[in-house]
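K.L.:
Given next are the chains, with one letter for each unit.
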Amino acid sequence: MRKRAHISSSYAYYLMVIPIMLIFIGFHTFPFLKGIFYSLTDWKGYGEWNFTGLQNYVQLLKDSQVGQVYKFTLLFSAGATVLVNVLSLFLACALNAKIKFKTTLKAIYFLPYMLGILIIGFVFNYIFANILPEAGKAMGIQALSVNLLGTEYAWIGLLFVTVWQSAAFNTMIYLSGLQTVDRDLYEAAAIDGCGGVQRFFRLTFPLIAPFFTINMVLSGKNFLMAFDQVMSMTDGGPGILTTTISVMIYKRGFTGGQFSYQSANAVVLFLVIAAISLFQMKVLERREAKYQ
Amino acid sequence: MIYIIGRDLYNENTSIRIPEILKNKQILLKTEKGLWERSIQMKIKKLMLLGMAGVLVCFLSAGCGAKEEDGEQADGKTTLEFFSNKQESIATLEKLIDKFNAENNTVVVKLNAPADPDTVLKTRMAKGDMPDIIANIGASLFTELTASGFLADLTDTDLYKDINEVYMDMMYRANEGGEEVVYGIPYAANVAGIIYNKDLFEQYQMEIPHTWEALMEVCEGFQENGVVPFEMMVKTAWTSYAPWNALVAGIQPEDFVENRKAGKTSFADTHKEVVEKMSILADYAQEDFMGTSYEDGTRNFANGEAAMMIANSAAIPEIQKNNPDMNLDVFSFPSTEEEEKTKVIQGLDVILMLNKDCEDMEGAKEFIRFMQEPENLQLYIDEQASFSCVSEIKQSSRYVSGIQEDLNNDKIAVTTDYYYPNGLDIGAVMSEFYLNKTAGADEAANVEETLKKLDQQFDVMNN
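Going line by line, the protein sequences match chains V and S.
The first sequence: position 116 = 115 (numbering that gives the first Met the number 0), numbered continuously.
The second sequence: position 56 = 55 (numbering that gives the first Met the number 0), numbered continuously.
Hints should not be assumed to be uniformly reliable.
What the hints assert, rightly or not - Listed next, the in silico EDC-like pairs over lysine to aspartate or glutamate satisfying Cα-Cα at most 20 Å (straight line):
#: 1; chain 1: V; residue 1: K61; chain 2: S; residue 2: E219
#: 2; chain 1: S; residue 1: K452; chain 2: S; residue 2: E257
#: 3; chain 1: V; residue 1: K136; chain 2: S; residue 2: D287
#: 4; chain 1: S; residue 1: K126; chain 2: V; residue 2: E47
#: 5; chain 1: V; residue 1: K61; chain 2: S; residue 2: D458
#: 6; chain 1: S; residue 1: K355; chain 2: V; residue 2: E151
#: 7; chain 1: S; residue 1: K85; chain 2: S; residue 2: E102
#: 8; chain 1: V; residue 1: K43; chain 2: S; residue 2: E175
#: 9; chain 1: V; residue 1: K136; chain 2: S; residue 2: D128
#: 10; chain 1: S; residue 1: K452; chain 2: V; residue 2: E151
#: 11; chain 1: S; residue 1: K452; chain 2: V; residue 2: D41
#: 12; chain 1: V; residue 1: K43; chain 2: S; residue 2: E304
#: 13; chain 1: S; residue 1: K393; chain 2: S; residue 2: E219
#: 14; chain 1: S; residue 1: K355; chain 2: S; residue 2: D115
#: 15; chain 1: S; residue 1: K271; chain 2: S; residue 2: E337
#: 16; chain 1: V; residue 1: K136; chain 2: S; residue 2: E272
#: 17; chain 1: V; residue 1: K43; chain 2: S; residue 2: E337
#: 18; chain 1: S; residue 1: K160; chain 2: S; residue 2: E374
#: 19; chain 1: S; residue 1: K340; chain 2: S; residue 2: E272
#: 20; chain 1: V; residue 1: K61; chain 2: S; residue 2: E164
#: 21; chain 1: S; residue 1: K436; chain 2: V; residue 2: D41
#: 22; chain 1: S; residue 1: K76; chain 2: S; residue 2: E257
#: 23; chain 1: S; residue 1: K126; chain 2: V; residue 2: D62
#: 24; chain 1: S; residue 1: K451; chain 2: V; residue 2: D62
#: 25; chain 1: S; residue 1: K271; chain 2: S; residue 2: D254
#: 26; chain 1: V; residue 1: K136; chain 2: S; residue 2: D295
#: 27; chain 1: V; residue 1: K43; chain 2: S; residue 2: E448
#: 28; chain 1: V; residue 1: K43; chain 2: S; residue 2: D458
Worth flagging that the hints you see were computed from the coordinates, not collected in a lab.
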């Protein structure tokens, strides 16, 4: 009896899930499967095509540019994920404390997220091209007197803007995590003689572990797919130094006439992201479990 | 959120309130369920069917909606879509189209000039939903279009009778396989050379150089006087290799691209001088040439911060935006010691093509004839600082008077990179070369590495 009741009660849920699922399959899963199919052909995006088997994947392995782009993307996303999470955890703890103008400060820190990253990219483009070199010259710093985005350190500019923009959203998630922590616990800890740093690592951090997991996975995935900021700030240059996988797929797949080849690249990117995300979840969830 | 609740249930001594409330809720839910469930089951089923039908209808109507815009209008006129790849010519084209639509009573032409036009056109090719009239440059996308089977063959029409042979040949070369089939009508051409600041040249009494050595002397002269000789813009992809086409035109062996495609020659064997000279030019550029974009560079040049700029004629209106009274002119880029090899670099900037399944082929041809009428063609090239493909119609702007003589004498070379395989990114390769250069890499090794990269990429892209 209990089981039957359970099944029939979920009609309402199906009602909510099915239309979304249809849309999801129509606009996401189906094109994705099509992409996998085309990655096995030599289709240029139009006209006739032939099956080429795994030819595109073999070519991917041989293409030295692809290797370089994957290396940059992995390093960039690893760096950005760590920096964003450290920074936003720090900010969230600070904003969660009993301070003045808390709400105003929260709004200010959330502001970067409200702006489109393309707009942010163009604004920072101007800063890097005009304001920063002026400042560098005035202060007599040689390295800063030219546009950072045109040097081999262009990735630093890219990383800075990405972290600045993404930290806002992650801070919000951490803040909501911190609200779930019972303040009584801190009192108890204080009575037991637990200090600031210890309190964070022994109490706060373990208690918001699920939020840490989700933030790590989401930001890891987002930065592996970094696109807008690169397009608006460096266009993948100088050379292909700051080209991410997504930028490469877009540029060479659409305008470069390598539709099927870059479809194969997209499939590989999907596998990489899926593998990394699963790995993160596994490791981090085990860590969560440890604290429970 | 499940995690949190789960943990709170577990740590009962830390938060007792939440689990209790939850338990109460569960009890409530359990009792309520049995009561309303069965009576509402039927309604839910109906709702679900309705919902799914609704979603389907949405899908279908979204699919059909796009189609309705095409074809017959209410007043019986056929609408033809004119797809242009140039954002900067929208105002001019709209002027011409309005005039055409007012005169013509069987077709209405509608302009579509989206951002990132090549990508849009490619996606439309993929869908098989091609525009009726297409304008694009005579580069690799044109080559792909000629091979796609979407274009009308205009060989048997009179649409190209006034076009200068030079430009027809330029277009044939861009055809897939180089065959002499008219898939498009050359309309306008751009020129590339060295745009120079006339005032600075006069102030330091510099002569217009006609050989590479003379150019180097001019550069030296400016540098001694503390004037930056060249404004270079490596941060923007398409301006990063601006001198490339001019250098290649003078230096590369004849039919290089064709022979390279056939695997008979290589960049490594023939282009060493080109890359070396690219490097020398950068020695005479402003300090931050790596970080200067097209926008910044044209502005700096307009402000008199450099004496010369290697660019396409399209940069002139851009410079004038920043300094309308600037005293500038253009001269042909001297790439070698032989003066007769110093030519104007020209490329087809606008080729007009027709979709072979165009709904009203006569109407579309009528539009091309209209665009070619002397008065309209003159309007286009004047407003766009462009060059007509009809010999009688001349660009009269004083800003390009310096190359008029070369043009009249047919001292014209083609824009070589238009014939490279689509996707061979000279800009990326050269900006990497410059990056290594500024980072202090060994010059000879850097040149060699770059040539190797060009060969590698040419092959990857050629597949």
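K.L.:
Hint by hint, which ones does this structure get wrong, listed from lowest number up?
P.N.:
1, 6, 7, 9, 11, 12, 13, 14, 16, 17, 20, 21, 22, 23, 27
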